[in-house]
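Peer 1: Protein chains in written order, with the working numbering: chain A, 367 to 818; chain G, 631 to 970.
Only true hints are included.
Distance windows between CB atoms, simulated: (1) S747(G) <-> D473(A): 23 to 29 Å; (2) Q676(G) <-> H467(A): 31 to 37 Å; (3) A527(A) <-> E872(G): 27 to 33 Å; (4) L754(A) <-> T917(G): 32 to 38 Å.
Per the computed footprint, the stretches of chain G lying under chain A, defined by three or more beta-carbons under 8 Å from a beta-carbon of chain A, are: (5) 829-835; (6) 842-848; (7) 863-877.
Just so you know, these hints were derived from the structure itself, not from any lab. Computed from a prediction, not measured in an experiment: that's the story for all the values here. Glycine included, each C-beta is placed from N, C-alpha and C at the ideal position.
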Amino acid sequence: MKARLIALAGIVVSLGAPARAHRLDEYLEATLISVEKDHVQASMRLVPGVAVFPAVLASIDTNADGFISPAERQAYAESVVRDLSLSVDGNVLAPRLVSVHFPNVEDMREGLGEIHIDLNADLPRGGPDRRLVFENHHQSRIAAYLVNCLVPRDRNLRILAQNRNEQQSFYQLDYLQAGAGANSLLLGSSSSGRSSLGAMLKFVLFWFHGSASMFHLGTRHIAEGTDHLLFLLALLLPAPLVVICSRWAGFAGVRRSVFQMLKVVTAFTVGHSITLAVAALRLVDVPSRPIEVLIAVSILVSAAHALRPLFPGREAGIAAFFGLIHGLAFATTLGNLGLGRWERVASILGFNLGIETMQLIVVAAAMPSLILLSRTRAYPVLRIGGGLFAGFASLGWIAERLLGLHSSIDVLVDGIARRAVWIAAVMFLISLVFWLFGDVFDKQTTATEPLS
Amino acid sequence: MSINTARALRALALILLSVTSAIAQTATTRMVSAAKAFLSTLDAKQRQTVLFAFDDAKQRQRWSNLPTSFVARSGISLKDMNPAQRSATLALVSSALSPRGFEKVQQIIEGDEVLKSKEHNNPLFGKDLYYISILGTPSERDPWMLQFGGHHLALNITVAGERGVLTPTLTGAQPALYTMNGQTVRPLGPESDKAFALLNALDESERKQAILSYRLADLVLGPGQDGKTIQPEGLKASAMDERQRAMLLDLISEWAGIIHESAAATRMAEIKAGLNDTWFAWSGPITVSPGSNITAYYRIQGPNVVIEYAPQRLGGDPAMHVHTMYRDPTNDYGRRFTGK
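Make a model of the complete structure from these sequences and hints.
Peer 2: Below you can see the structure in the form of structure tokens.
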């Protein structure tokens with residue numbers, strides 16, 4: 367078929383200019399999606415190129431009489447709909463045909479005709495944080511897909527993210543839906559007025575309805591923002607240990623370890639909360655590049671500290687200091703959403719809670735293993751290994767962000783992060799095993815004896 | 631006083647008068663007099679073909695990137711004019727544009743002539759297949775509109791008092807690089823070069839945001855897509871440093887600066903005011919062969935501007951065939967000033 371297409375294209379080109387003037391060997395399928403409160407619309411423009419027109423026509427004019435009958439139009443439009451899939455929050459939707467418009471066959475033969483198909487689907491009720499997925503597999507061999515969404519007219523809807531595969535046959539839209547029923551009326555009216563009361567009202571309502579999704583965004587950001595986690599984990603590595611003669615020595619005791627870890631995590635949180643708020647409110651405007659470099663440097667510092675105690679007892683201070691810098695990076699994420707000032711305040715709260723929760727989950731997952739392992743002789747392996755890994759990763763990021771060098775560090779770290787749950791589980795098992803055998807070691811060596 | 635002296639004085643007075651009036655002339659007065667001069671060269675029947683009602687929505691949207699025989703433009707083509715009418719047409723178009731803008735338009739039109747000769751004198755193409763139409767009555771007070779276009783060109787210029795609005799306008803080029811009188815011409819060369827320079831001025835993390843992960847085969851908001859605002863994507867200018875923002879503005883000026891200088895200055899100020907919320911997105915190859923055009927798609931989208939640059943595969947080499955679109959979602963066809 368491909369060979370036939372090429373041959374066909376060759377013939378058309380050799381016929382002369384008409385083929386050069388417009389679409390040739392692709393079937394342009396452009397979709398504009400518009401989301402409303404309780405339904406979603408999709409407007410499709412289908413433009414067959416000259417070379418693929420015979421194939422497209424054959425699938426429309428099924429009785430091959432050279433004429434597209436109303437029944438054939440309807441049947442074709444329905445076949446297009448069958449090749450689509452539309453879902454929201456995992457619920458498959460059944461789009462209805464609203465209108466079907468065909469150009470005349472002659473225009474289409476010249477690559478000019480646009481078939482217009484408009485669809486509509488009801489949206490089931492859902493939470494504030496919604497995900498719509500649109501897939502188009504119609505004539506995928508020859509298709510050139512385009513998918514975009516219109517900026518919602520409804521001010522209670524806000525687009526968070528769009529993701530597509532390379533061909534745009536897969537399209538995923540994440541959006542916020544604030545308010546329902548009476549609340550949305552209030553929100554709508556207050557958003558048109560510019561009074562401070564309206565703004566306050568909007569803030570309160572958005573906080574109730576929007577912060578949940580911001581919370582989700584926050585958890586996702588910290589889960590995806592591997593550099594932030596790596597900084598924190600590297601700083602936690604030596605937390606269960608005591609320092610003897612400027613070196614990391616044995617286990618400091620469960621209570622002290624837990625306290626030390628909580629102190630570090632809390633300090634980091636306080637630090638990034640402050641700058642997140644300051645930067646997200648645009649009180650300060652910082653360029654993203656130096657921040658990204660400083661974040662990489664912060665990982666290097668905490669990695670070095672895991673190898674040799676650089677600032678024992680002052681981890682919380684360091685965590686708070688670098689927390690300030692990490693917060694500025696979080697703010698860029700929020701800044702990219704294009705929220706207004708008051709919505710931003712509400713969002714910061716939700717977003718920050720999301721970050722903290724995810725952070726707590728990570729710490730809670732790592733802490734038992736760290737505490738168990740730190741009582742054994744195997745711990746230096748983890749501490750030094752982990753420290754070296756974080757160090758190398760940070761050097762890679764520094765090179766990438768400062769010098770523009772290309773490193774594959776992101777791929778590596780992301781690969782590890784994607785398997786984080788497994789790694790945490792395996793680590794916990796290993797630490798259990800070591801801890802059980804560790805009892806044997808403990809009888810031979812005292813816990814406070816230097817191990818490295 | 632001798633007759634000769636009187637004559638000389640009168641001539642001097644006339645010259646002075648015309649000089650002062652030329653100085654006092656605004657772009658709109660220049661356009662209006664050029665439009666009147668153009669209309670006066672037409673016979674009654676031609677005038678009927680050229681003139682439309684200002685609120686003729688159908689004519690307003692009758693523009694395209696396609697050759698004129700495919701999508702018929704209304705109005706009258708350069709081909710159907712005598713030399714005086716032709717030069718009056720070009721004088722009118724040039725009165726609406728900056729010198730740089732007019733040069734760009736001429737290079738696009740010459741390019742179609744090159745295409746014609748490459749295609750064995752194909753009657754679909756050529757520099758005389760460009761149409762002019764006027765919506766409303768050329769006036770210094772009431773709104774009117776000038777349309778000029780053909781293959782790869784659609785200028786829609788709305789005049790409302792001293793305001794001049796160029797959106798929506800389509801420029802394109804095929805071949806996007808040709809030789810004329812020994813000179814290499816790239817009608818949309820700066821649009822390619824300045825965008826490429828901006829992409830290269832971004833650092834790694836900024837570039838990551840600017841470069842979209844998917845292929846874009848065509849304009850998203852091309853002809854027929856009036857009044858739609860898509861969700862912006864890419865890198866926001868608020869995250870750019872001053873140098874990058876200046877480069878972005880300079881790139882936008884390739885479209886915003888097509889219209890005459892005073893309208894362009896107002897327009898650039900408007901775009902600059904919305905720069906923080908303006909996005910730059912790129913899709914496709916991030917390299918270019920020296921002296922040639924980029925083969926990547928890019929889009930600039932802000933509160934009052936949408937620019938798309940879309941290389942076309944048609945003809946084999948995307949560097950040689952490009953369509954671009956210039957819109958103002960808040961003010962296409964000067965809607966904000968005319969209420970239409």
